[in-house]
Amino acid sequence: MGLRKSCAAAVAALVLGVGSPANRANAYSATGDRLFPATLVLPQIAPGDEFYVNAMTMPLAGGTAGAASRASNFTATYTKTITDRLGIVLDETWTRIDRVGAGSLNGWQNTDTAIKYLAIVDQPHEFLFTVGLDREFGGTGASRAGASASGATTPTVFFGKGLGDLDIGYWRPLAVTGSVGYQIADTHPRPNLVTPGFVVEYSIPYLQSKVQSLDLPEFVRGLTPMTEVLFTIPGGQSFGARTTALVAPGVSYAGEGWELAIEGLVPTSRATGRGVGAIAQFHLSLDFVAPETIGRPLLSAP
Amino acid sequence: MSNPEKPMKPRALHYPLFAAALLLPLLSPGLALAAPAGTVVGLSGASIVESGGARGAAKLGQPVQVGDTIEVPADGKLKLRMADGSVISVAAGTRLTIAAYGVDAAGQRQDARLSLAQGLLRAVVAPVERPARFEVDTAVGAAAVRSTDWFVEGSATAMQIGVLTGSVEMTSAATKRSETIPARWGARLEAGRDPVPPRVWSPAEFAAVIARTDVK
Chain G
1 MGLRKSCAAA VAALVLGVGS PANRANAYSA TGDRLFPATL VLPQIAPGDE
51 FYVNAMTMPL AGGTAGAASR ASNFTATYTK TITDRLGIVL DETWTRIDRV
101 GAGSLNGWQN TDTAIKYLAI VDQPHEFLFT VGLDREFGGT GASRAGASAS
151 GATTPTVFFG KGLGDLDIGY WRPLAVTGSV GYQIADTHPR PNLVTPGFVV
201 EYSIPYLQSK VQSLDLPEFV RGLTPMTEVL FTIPGGQSFG ARTTALVAPG
251 VSYAGEGWEL AIEGLVPTSR ATGRGVGAIA QFHLSLDFVA PETIGRPLLS
301 AP
Chain L
1 MSNPEKPMKP RALHYPLFAA ALLLPLLSPG LALAAPAGTV VGLSGASIVE
51 SGGARGAAKL GQPVQVGDTI EVPADGKLKL RMADGSVISV AAGTRLTIAA
101 YGVDAAGQRQ DARLSLAQGL LRAVVAPVER PARFEVDTAV GAAAVRSTDW
151 FVEGSATAMQ IGVLTGSVEM TSAATKRSET IPARWGARLE AGRDPVPPRV
201 WSPAEFAAVI ARTDVK
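Going down the list, the sequences are from chains G and L. No gaps in the numbering here: position 51 of the first sequence is 51 in this note's numbering, and each next residue is one more. No gaps in the numbering here: position 129 of the second sequence is 129 in this note's numbering, and each next residue is one more.
Because the hints were derived from the structure by calculation, they are not lab data. Positions of the beta carbon are idealized from the N, C-alpha and C atoms, including for glycine. Honestly, I wouldn't trust all of these hints.
Said to hold, decoys possible - Distance windows between CB atoms, simulated: (1) G:I120 x L:Q118: 28 to 34 Å; (2) L:V66 x G:I120: 43 to 49 Å; (3) G:A280 x L:R130: 39 to 45 Å; (4) L:G192 x G:G264: 33 to 39 Å; (5) L:T157 x G:G264: 40 to 46 Å; (6) G:G255 x L:Q118: 50 to 56 Å.
With the hints as constraints, model all of the structure from the sequences given.
So this is what it looks like as C-alpha cells:
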C-alpha cells in the first residue's frame with residue numbers, strides 16, 4: 001500500500017501529473033501449513049489483525065529547478081477483522097517530495113480504507129482467494145504532496161498459492177501470490193487504472209518444517225526471499241498516464257508475531273521512476289501478541 | 001536375607017530409620033502420599049486402563065495412577081479429572097500414558113507429563129501459583145504449558161496443537177526448535193523437522209477437535 005501510494009504521489013502525480021492510485025494493505029496470511037509473509041509493495045491477500053509501518057524512498061527524474069528529485073513515504077496501516085473472514089483496512093501516508101533547487105514539499109496522502117472477504121481457503125492445496133473493495137477519499141490529503149482531489153474506488157481480487165502440495169522436492173517452499181484491481185476514479189482527469197501484480201517467494205521456514213530440516217544458522221531459518229512485481233496500466237482514457245512496472249526484490253524475516261522486511265525498488269521504465277529506491281517494513285501481528293483482546297475478530301464466539 | 005559378610009547393625013538403629021522412611025513423604029512440602037493422579041469422570045465406549053501390567057475396563061470413578069496407560073477405542077471417549085483440577089478429555093483412538101503427575105499437599109501441580117502415543121486429547125490445565133509445567137510428549141516432539149485450554153493430537157509421524165486459551169510451547173524432538181502458539185492459533189510438527197510456524201485456526205477447525213473430545 002505504501003508503495004502504491006508513493007508511486008502514486010511521486011511517480012504518477014509528479015511525473016505524469018495525475019493523482020494516486022488507491023492504497024492497499026499488506027500483511028501476512030495463511031492457509032494450512034503455508035504462511036505468506038507480509039508484502040511491501042503488493043497488498044495483503046487476506047483480512048487480518050495487524051499493525052505495520054513502512055518507509056520508502058525513491059529517486060525521481062529531477063531536471064530543471066523545482067522538479068521532483070526524490071519521493072519518500074511513511075505509512076502506517078491498521079487492519080481489523082470483523083469476522084474470521086471479513087476485515088477492514090485503514091491507512092495513512094505522509095509524503096515528502098524533494099525538489100531540484102527548491103525546498104521540499106510534504107503532506108498527507110488521501111485517507112484510504114478497504115474491506116476484504118476471504119472467499120476460499122483450500123488448506124490441502126495451500127490456496128486462498130479473497131475479494132476486496134478499496135476506497136480512497138479524494139481531497140482529504142495535501143495536493144502539494146500529490147494527493148488527488150478526486151477519490152477512487154478499486155474492486156480487487158487476491159490470491160495465494162503455495163506449491164507444497166506438489167511432489168517437487170526442494171521447490172515445495174515456493175509460493176506465488178498476487179492481485180488484480182481496477183481503480184475507478186471519481187472524476188476526470190484522474191485516469192482509471194488496472195493494477196495487476198504478483199509475488200514469487202521461497203520460504204525457508206517452510207523448507208525447515210515441511211521439506212527437510214537443514215542445519216542452517218538461526219537467522220537464516222526465519223528468512224523468506226521474495227520478489228514483488230507491480231504494474232499500473234491505464235484503463236480507458238489515460239489522461240497522460242503511462243504504463244508502469246516496478247520490480248522489488250528483497251527478503252522478509254519472521255520473528256514470533258512480527259516481521260521485518262526490506263526490498264529494493266527497481267523501476268523498469270522512465271515512467272516508473274529514475275534510479276533504484278528502497279522500502280522497509282515492520283509488521284506486528286496483533287492476533288498473535290493480543291489474541292484474546294484487540295487481536296480477535298469483533299464478532300466471534302467467546 | 002542378611003549378608004553374612006557384613007556385620008548386622010544393632011536393631012535399635014533400625015527403628016529410627018524405618019520411622020524416618022515412613023515420615024519422609026509427610027514432612028516433604030512437595031509430595032503427598034500415593035494419591036491417584038486422577039479419576040475417570042466421563043466415559044463412553046469400552047476404554048481400557050492398563051495399570052501395573054494388568055488390563056481392565058475403565059469405569060466411572062476409577063482412579064488412575066502414574067504409569068497407567070489409557071486406551072480409548074475407535075468408538076469411545078474418556079474424561080479424566082486430575083489431582084490438581086486439570087481436566088483431560090481423550091478422543092477415540094487414543095493411547096495415553098500418565099508418565100508423571102506430582103501434586104503437593106495443597107493440590108498444586110508440580111510437574112505433570114503425559115505421553116501421547118497416538119490420538120487426540122483436550123487439556124484444560126488448572127493454573128498454579130508457582131512455575132510448574134504440564135507437558136505432553138509425542139513421538140515427534142513435546143508441548144508444554146502452565147495453564148491453558150488446548151488440544152494436542154499425535155501419531156508416530158506428526159503432531160498438531162490447537163490453543164483455545166493461554167499459550168503452548170511446542171518443541172521438536174529432533175531439532176529442539178520451539179514455537180509458541182497463542183490462543184486461537186494452531187501449529188503442526190512433522191517428524192525430524194522444525195515446527196511449522198503457527199497460524200490462526202478457523203472456528204471450524206476448533207469445532208472439529210471439540211466434537212472429537214466432547215465426553216458426555
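Taking the hints in turn, this is what the structure says about them:
no., hint, verdict
1, G:I120 x L:Q118: 28 to 34 Å, "holds (33 Å)"
2, L:V66 x G:I120: 43 to 49 Å, "holds (48 Å)"
3, G:A280 x L:R130: 39 to 45 Å, "holds (43 Å)"
4, L:G192 x G:G264: 33 to 39 Å, "holds (36 Å)"
5, L:T157 x G:G264: 40 to 46 Å, "holds (41 Å)"
6, G:G255 x L:Q118: 50 to 56 Å, "violated (34 Å)"
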